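Please model the complete structure; the sequences and the hints are all you need to start from.
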Amino acid sequence: MLVHGARKLDADGIVDDFWMLVVGDTIATTGTSDGWRALAPSVAAADRIDARGHWLTPGFIDLHGHGAGGASYDDGGEAIGAALAVHRAHGTTRSVLSLVANPLDQLVGSLRVIAELASSDPLILGSHLEGPFLSPLHRGAHELVHLVAPEPAAVEALLQASAGTLRQITVAPELPDALDAIDRLVAAGVVVAIGHTDAGLDLAKQAFDRGATVLTHAFNAMRGIHHRAPGPVVAALDDPRVALELILDGVHVHAEVVRLSFLAAPHRIVFVSDAMAATGARDGQYTLGSLDVTVTHGEALLSGTETLAGSTLTQDAALRNAIELARIDPVLAVRALTASPARALGLDGRLGYLRPGYAADAVLLDEQWRATSVFANGTRLV
132 MLVHGARKLD
142 ADGIVDDFWM
152 LVVGDTIATT
162 GTSDGWRALA
172 PSVAAADRID
182 ARGHWLTPGF
192 IDLHGHGAGG
202 ASYDDGGEAI
212 GAALAVHRAH
222 GTTRSVLSLV
232 ANPLDQLVGS
242 LRVIAELASS
252 DPLILGSHLE
262 GPFLSPLHRG
272 AHELVHLVAP
282 EPAAVEALLQ
292 ASAGTLRQIT
302 VAPELPDALD
312 AIDRLVAAGV
322 VVAIGHTDAG
332 LDLAKQAFDR
342 GATVLTHAFN
352 AMRGIHHRAP
362 GPVVAALDDP
372 RVALELILDG
382 VHVHAEVVRL
392 SFLAAPHRIV
402 FVSDAMAATG
412 ARDGQYTLGS
422 LDVTVTHGEA
432 LLSGTETLAG
442 STLTQDAALR
452 NAIELARIDP
462 VLAVRALTAS
472 PARALGLDGR
482 LGYLRPGYAA
492 DAVLLDEQWR
502 ATSVFANGTR
512 LV
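For our numbering, count along the sequence shown from 1 and bump the result up by 131.
In case anyone wonders, no lab produced these hints; they're calculated from the structure. Source: prediction; values computed, not measured. What you were told as hints is all true, and nothing was included just to trick you.
Below, computed lysine to aspartate or glutamate pairings styled on EDC-like, alpha-carbon distance capped at 16 Å:
#: 1; residue 1: Lys336; residue 2: Asp311
#: 2; residue 1: Lys336; residue 2: Asp369
#: 3; residue 1: Lys336; residue 2: Glu305
#: 4; residue 1: Lys336; residue 2: Asp314
#: 5; residue 1: Lys336; residue 2: Asp370
Below, the structure written as structure tokens:
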């Protein structure tokens, strides 16, 4: 495949009149101007793509999403495929599939399903257990009865069920056994996030020193920043090892707070969708795990409450919101969807840039930052 006439935008910067040659699943060569013409005869006409000056970015990586298209990742099987299709159409080429708190045996079953899917689909990066190791005080849209402490037997059961595909887990570090659980999970190669937590600054720093490297949807389901009690957000902003998830749907975090976060940690912000089943579908009644959710004008709330229950966000919309609402530089905004999540997962040697040797994941976007064509592993998805 040969893409030419693009305006390249990735964490390396903006390059006009950009082209790239893809061989198999990898970017083989890149350049600018008319250098692509010498390569054109070796590429079938159907595989030569004129970008016509549109933006070309790396494929988006979503560390944290629960579903779309009326389907939830917790439901397994065909539901996962239906949800992924929606996100892939909006530029998300690699996804970590998030699971809400459920009974342990149900989570074991879900992890096994995702492990099987990930073995045949490289675009599925594994699973994210957002529960069950969460604080009851900041449980958000997680059923209270399913929340448990990360005692060793539970941790081992989940690790075994995932067969090495548990990519990320959210833990409230104040729970009994939590710091020891972080040690075990990090040793197993799992990216540990802290979130849904009542931890303050000092305990958050302890968790990061034990190996946690992500803050789950920063500002949401945790203590805020108080001038005498800085909380976990400040601990994360101050630690160069830590990535901070943000949900840029215009509801979860105010645009000015997004902007302030970029000023403090411009290369460590990671946009996540936290998308639930109503993403790409109509308003109405849904479920998230075992909880009822009402979606009105695209805003998802636990039915009868003011508690947010995920979002209906796609990643191209997050990019648009970052640039147009929060006034984030496009290079930094795209980094937050590509290079920064790749780095958070330890995959930045293969994903997140439009460079030779990197995976041929790319998105063409129009002037309104809407995904118009999506490619992954050298194959056109949209």
